[in-house]
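Let the hints inform the model, and build the full structure from the sequences given.
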Amino acid sequence: MRLKDFCTLNPQYKGDDNYCEVSFVPMESLRNGTIDFQEILFAEGKGKYTYFRDGDLLVAKVTPCFENGNIAIANDMKEGIGFGSSEIFVLRMDNKVLNTYMFYITQSSKFQDGACATMCGVGGLKRISPLFMRTYELDIPSLSVQQRMVDYLDEKLAKIDERIAVLEKQKNAYARLKKSVIHQAVTRGLNPNVPLKDSGIEWIGMIPEHWEVFRFKDVYHKSNVGESIDKEYCTDNETDYLFYTAGIIPIHTDFKEFPQWKYTNRNDLLLARNGTSYVYLPIYHSVYSDHIIRVDIKKNFYRKYIRYCLQQAISKEIVDSVSIPTWSIPIWNIQLMPIPSFDEQQAIVGYLDDKCAKIDNAIENIGKQIDASKRLKRALINEVITGQRAV
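For the sequence shown, our numbering assigns the number 2 to the initial residue and increments by one for each residue that follows.
No lab work stands behind these hints, which were simulated from the structure alone.
Using N, Cα and C, we set each Cβ at its ideal position, and we do this for glycine too.
Treat the hints with caution; some may be incorrect.
[Said to hold, decoys possible] No more than 20 Å apart at the CA atoms, straight line, and that leaves these computed lysine-lysine pairs for PhoX-like: (1) Lys305 - Lys179; (2) Lys160 - Lys305; (3) Lys97 - Lys47; (4) Lys218 - Lys172; (5) Lys180 - Lys356; (6) Lys170 - Lys369.
[Unchecked claim] Now the in silico label distances, taken between C-beta atoms and shown as ranges: (7) Val167 - Asp55: 30 to 36 Å; (8) Lys127 - Ala373: 39 to 45 Å; (9) Glu40 - Asn173: 22 to 28 Å; (10) Gly34 - Ala373: 48 to 54 Å; (11) Ser87 - Ser342: 24 to 30 Å.
Okay, here's the thing in structure tokens:
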């Protein structure tokens, strides 16, 4: 059967209007098997966001959310209905298919690989084809067999999920340790006996007496606002560049694909505009998108030290804020940071590079264990869904 033979894709709301609060699901609230519901007035959601009701299956349509498994069943919503991001497919099954069974179908390799193969778009924002969703073919067993598969997978995968949860806690603990190590180094330095003074800034607290507090605007020459670097910095025979865009790691690409990209210098620092703590130190041959701000750091400031300081300041502001603005040059300019002499900046960076590398290695190892557990989940789902494993 094709999916459209037993499922309504993106059903429309046909009930009466009301003035109650209903559930709301922005993309960041949709996770693998779970939804962190927010609230919105019905009138604010209808016609502006994607509609769904209790029992509907929500599937992220955009990369990388889909690949991350951001798929879940909507249940226990306010008034039984909700609205969410336009980047969500809504699947409403008829009485031939259990929504829990379809949830596992969308987790299978066949479905995932097929969906990814249809993705199209530009600028790193690619979406699954609606045609794929409507015409995807699969065998539908009886409801009793579907339920038996679901019960088996629920039991087996719960144990794997418990293991993943433990690993995630360990990973988060290491991430907190890394922040603590960086904060201590960029506010107190490496000498535990140095005399201190009050910086006058809450997130910084006490700093060594010989340090100064600078605004970010005081440490760079200029930004890329309204300008781009000449292409002479990158020659036409170069085909392997690192492309930086807000919120993701740099990716290797051929710069000829997008000639409008902007190019970096050796002393540049790249700052994300989207309210995250991403601060990049580009390699020489690299390009960046319009979601990035480029600044040229002055020679008496060590750019790796400035990066550590900025990440601490921004992370603190993000933690303390409910709504994070899109970062702009005026917002970046007022960020305060404690800065010692250039030699001491280099010494602190050397210390932090060593400590953070060890923590990053631990985080990477835990990440590999998490990935292995997720692969095990996928393999188990595939075996059950395809009938290779009898249940």
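Which numbered hints turn out to be false for this structure? Violated: hints 2, 3, 4, 8, 10 and 11.
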